[in-house]
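Chemist: Chain residues, written in single-letter form:
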Amino acid sequence: MEAVAIPPFETFYAEHRSEVLGLLRRKLGRDRADDAFQETFLRALRAYERLEHGEHLRAWVLTIASRVAIDVHRRAKPTAELPELTHDDARPAYEDLGELTDGLPPKERAAVVLRYGYDLTYDQIAAVLDSSPDAARQAASTGVRRLRKETSA
Amino acid sequence: MSIPVDLDRRFRDAAAHSGMLDAAYDVVDSPLGPLLVASGNHGILRISFDPDVEQHVEWLSHVAGRSVLRAPRQVEPLRRELDEYFEGRRHAFDLSVDLRGVTPFTERVLRELALIPFGQTATYAELATRAGNPKAARAVGMTMNRNRIPIVLPCHRVIGANGSLVGYAGGLERKVALLTLEGVLL
Numbered sequence: 001m002e003a004v005a006i007p008p009f010e011t012f013y014a015e016h017r018s019e020v021l022g023l024l025r026r027k028l029g030r031d032r033a034d035d036a037f038q039e040t041f042l043r044a045l046r047a048y049e050r051l052e053h054g055e056h057l058r059a060w061v062l063t064i065a066s067r068v069a070i071d072v073h074r075r076a077k078p079t080a081e082l083p084e085l086t087h088d089d090a091r092p093a094y095e096d097l098g099e100l101t102d103g104l105p106p107k108e109r110a111a112v113v114l115r116y117g118y119d120l121t122y123d124q125i126a127a128v129l130d131s132s133p134d135a136a137r138q139a140a141s142t143g144v145r146r147l148r149k150e151t152s153a
Numbered sequence: 154m155s156i157p158v159d160l161d162r163r164f165r166d167a168a169a170h171s172g173m174l175d176a177a178y179d180v181v182d183s184p185l186g187p188l189l190v191a192s193g194n195h196g197i198l199r200i201s202f203d204p205d206v207e208q209h210v211e212w213l214s215h216v217a218g219r220s221v222l223r224a225p226r227q228v229e230p231l232r233r234e235l236d237e238y239f240e241g242r243r244h245a246f247d248l249s250v251d252l253r254g255v256t257p258f259t260e261r262v263l264r265e266l267a268l269i270p271f272g273q274t275a276t277y278a279e280l281a282t283r284a285g286n287p288k289a290a291r292a293v294g295m296t297m298n299r300n301r302i303p304i305v306l307p308c309h310r311v312i313g314a315n316g317s318l319v320g321y322a323g324g325l326e327r328k329v330a331l332l333t334l335e336g337v338l339l
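Chains as they are written, first to last, in the numbering used here: chain L, 1 to 153; chain S, 154 to 339.
Incorrect hints may appear among the rest.
[What the hints assert, rightly or not] Quick list of the computed label-pair ranges, beta carbon to beta carbon:
#, chain 1, residue 1, chain 2, residue 2, range
1, S, N315, L, D123, 58 to 64 Å
2, L, V4, S, P287, 47 to 53 Å
3, S, G336, L, H53, 53 to 59 Å
4, S, G313, L, S18, 50 to 56 Å
5, S, A245, L, G29, 40 to 46 Å
6, S, A245, L, V4, 55 to 61 Å
7, S, S249, L, H53, 33 to 39 Å
8, L, E49, S, G186, 31 to 37 Å
9, S, E229, L, R25, 16 to 22 Å
10, L, R25, S, R162, 17 to 23 Å
11, L, R74, S, R226, 27 to 33 Å
12, S, G241, L, S132, 48 to 54 Å
13, L, E15, S, H170, 47 to 53 Å
Keep in mind that the hints were calculated from the coordinates and are not lab data. Bear in mind the structure is a predicted one, so any value in this text is a computation, not a measurement. We put the CB at the ideal spot given by N, CA and C, even for glycine.
Take these sequences, add in the hints, and give me the full structure.
Modeler: Dropping the structure here:
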């Protein structure tokens, strides 16, 4: 099967910017959505040259946006509980593995779903988590270990 | 749904500022009509009289890398130099040009071309001689025709041996306008 070509960043940005903004406004409100919007596409840009194929770019950028929204919440309320990840159409990455990974911490859950649900590389996942490829690999493997423990218990 | 213009511009500025773009472009006004201008981390990549953006974005992504974005802030220095040139306040460009991907012969010709001063002309044969191959006048003509960076690399200053203007990829009327601006033609 031929790999889906990766579009120029301009095309990718033009195609997804309004949906990303919509998602961020729902999660954060208008004021805080603006900064999160920039952060989302800067993270995507940082990882863009390392992408290996053009599949699931929508899921990828929406997941980055969801992660950025969580980071904004965390910065705003450093001691509060992390917001629960919800299922909605804007987070398609969680559809397949959603139920299975429901109990995982957000970072591990994102890493597991993107790695095994969408077959993204650790470089791409690192952009989503705003961390290194090593940390992304670590999060995925910790998540899988935790799932094994839960399902065998 | 489109996004607010302000927000869009803020992201494009931030992307330019980040240094992560392989190429930035914009469409700017000039006395010769809209110009597409593009530059990367190694200099000017493209100036075109044809503002068909999509085709240029594909080309830039192919030549420079896929992180291509319309980012006016990053091409601002180029826009400013072009403005000054068209206003007659600038006779030479300071920005470097990125000639990646061209053949060694083309590069030699373009380096020689860049040395023809404002307000002067050379013939195709003279330029071929300066580039080390006196018999290559036709190939020089082809190189002028395919020049990616017109105006800055002044292919409008190259004319026929009998003084005729011969041709210009951007349209002969633009060659006339540029040579008039430079005082070569009245």
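Chemist: Hint by hint, note whether the structure agrees.
Modeler: Hints, one by one, checked against the model:
The hinted range of 58 to 64 Å is satisfied by N315 of chain S and D123 of chain L, whose Cβ atoms lie roughly 59 Å apart. Evaluation of the 47 to 53 Å hint for V4 of chain L and P287 of chain S yields a pass: the beta carbon distance comes to about 50 Å. For G336 of chain S and H53 of chain L, the hinted distance range of 53 to 59 Å is satisfied, since their beta carbons lie about 55 Å from each other. Distance hint check: the CB atoms of G313 of chain S and S18 of chain L are about 53 Å apart, consistent with the given range 50 to 56 Å.
The supplied range of 40 to 46 Å is broken by A245 of chain S and G29 of chain L, whose beta-carbon atoms lie about 52 Å from each other. Take A245 of chain S and V4 of chain L: their Cβ atoms lie about 45 Å apart, and the range 55 to 61 Å is violated. Take S249 of chain S and H53 of chain L: their Cβ atoms lie about 34 Å apart, and the range 33 to 39 Å holds. Between E49 of chain L and G186 of chain S the Cβ separation comes to about 33 Å, which falls inside the hinted range of 31 to 37 Å.
Judged by the Cβ atoms, the range 16 to 22 Å given for E229 of chain S and R25 of chain L is violated: they are separated by roughly 31 Å. Roughly 18 Å separates the CB atoms of R25 of chain L and R162 of chain S, a value that falls within the hinted 17 to 23 Å. Checked against the given bound of 27 to 33 Å, the beta carbons of R74 of chain L and R226 of chain S, roughly 31 Å apart, stay inside it. Range check, G241 of chain S to S132 of chain L: Cβ separation about 53 Å, and the 48 to 54 Å hint holds.
Checked against the hint of 47 to 53 Å, the C-beta distance between E15 of chain L and H170 of chain S comes to roughly 23 Å, which is inconsistent with it.
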